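With the hints as constraints, model all of the structure from the sequences given.
2 protein chains.
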Amino acid sequence: MSKEIERKFLVSSLPDLSEAKKAVVRQGYLTAPDDSTELRLRQKNDTYFLTLKGVGGLVRVEREAEITADQFETFWPETEGRRVEKERYTGHLPDGLLFELDVFSGDLAPLRLVEVEFTSEEQAKGYVPPDWFGADVTADTRYKNKTMAIYGVPD
Amino acid sequence: MSKEIERKFLVSSLPDLSEAKKAVVRQGYLTAPDDSTELRLRQKNDTYFLTLKGVGGLVRVEREAEITADQFETFWPETEGRRVEKERYTGHLPDGLLFELDVFSGDLAPLRLVEVEFTSEEQAKGYVPPDWFGADVTADTRYKNKTMAIYGVPD
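So the sequences go chain by chain: A and B. Start counting the first sequence at 1; every next residue gets the next number (our numbering). Start counting the second sequence at 1; every next residue gets the next number (our numbering).
For the record, the hints were derived by calculation from the structure and aren't laboratory data. Don't take each hint at face value.
For identical chains, the list gives no copy identity; a pair is met inside one copy or between any two copies.
Once the Cα atoms are required to be at most 30 angstroms apart in a straight line, the calculated BS3-like pairs of lysine-lysine come out as [as the list claims (entries may be wrong)]:
#1 44 with 22
#2 146 with 53
#3 3 with 53
#4 144 with 53
#5 22 with 3
#6 53 with 125
Quick caveat: nothing in here was measured; it's all calculated off a predicted structure.
Right under this line is the structure:
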């Protein structure tokens with residue numbers, strides 16, 4: 001299992017994104033948070049997935065199948081109120097670090113979040129973010145995609 | 001909406017099924033009975049479906065998509081303990097009436113049920129079943145497929 005070392009920030013102002021790669025991402029839950037199973041629809045550009053996750057227990061089952069756009073659209077209406085819709089821009093910062101910038105639409109607009117990926121914890125701790133970054137929300141679980149799908153943007 | 005007039009019986013002994021049409025049917029639930037949504041996988045011979053049903057409320061949403069065998073098999077293991085597996089034989093009785101005979105396998109074996117379809121309530125009420133039929137369980141909701149998927153064969 002690979003370990004990701006990331007920090008997550010709000011975004012004060014959008015940077016120049018002309019060199020960034022853009023993807024349309026939609027994900028939504030067919031099940032409610034208290035249900036015994038989690039079923040998630042996810043679109044990334046022209047690929048679509050249905051993912052089942054077992055809830056609770058030590059070992060959490062995960063099963064995923066690629067689905068067609070038609071299959072996705074058949075069930076998507078039932079995710080209403082439990083969605084994350086965003087454009088994801090992936091690129092490199094001037095110092096070479098990889099960033100993923102999410103510009104949310106739908107119920108979560110106008111929220112924007114940016115994540116930076118590091119190669120070591122030392123690098124992550126010593127990191128000085130660029131001017132366009134806002135508050136560090138790395139430890140704030142309210143900004144998790146799944147949490148926002150249900151509870152919306154934190155106050 | 002068409003109205004079905006049917007009676008359901010246990011089966012004392014199997015009749016000659018050489019003229020009947022046989023179908024392999026598997027259905028199973030990805031969700032538990034108390035969940036806010038019902039997701040059902042269903043196979044009939046070489047066709048496979050995923051069906052979502054809203055739970056409760058006056059209007060119950062239903063959305064269904066045909067899926068591939070691979071997609072079916074990806075999620076099927078998660079229906080364990082909530083399955084109906086059977087061979088369905090469809091044919092005509094000597095008096096011309098249509099019957100559907102279900103021979104259950106898996107957890108519900110060796111249960112067998114037969115349903116007869118009528119064109120009027122009078123015909124249904126006056127019906128004298130053939131010798132190979134057992135007890136009439138038309139009104140016994142424990143013999144519904146969905147109920148048996150969860151609770152098993154009635155004692």
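The hints, checked one at a time:
1. In this assembly of identical chains, residue 44 and residue 22 lie within 30 angstroms of each other by CA distance solely inside one copy; the values are 10 angstroms within and 41 angstroms between copies.
2. Taking the shortest Cα distances, residue 146 and residue 53 sit within 30 angstroms of each other both inside one copy (13 angstroms) and across copies (23 angstroms).
3. For the homomeric pair residue 3 and residue 53, the shortest alpha-carbon distance inside one copy (21 angstroms) is at most 30 angstroms, but the shortest distance between copies (38 angstroms) is not.
4. Proximity of residue 144 and residue 53 under a CA criterion of 30 angstroms is satisfied in both settings, with 17 angstroms inside one chain copy and 28 angstroms between copies.
5. In this assembly of identical chains, residue 22 and residue 3 lie within 30 angstroms of each other by CA distance solely inside one copy; the values are 25 angstroms within and 52 angstroms between copies.
6. In this assembly of identical chains, the alpha carbons of residue 53 and residue 125 never lie at most 30 angstroms apart, being 33 angstroms within a copy and 48 angstroms across copies at closest.
Hint compliance for this structure: hint 6 alone is broken.
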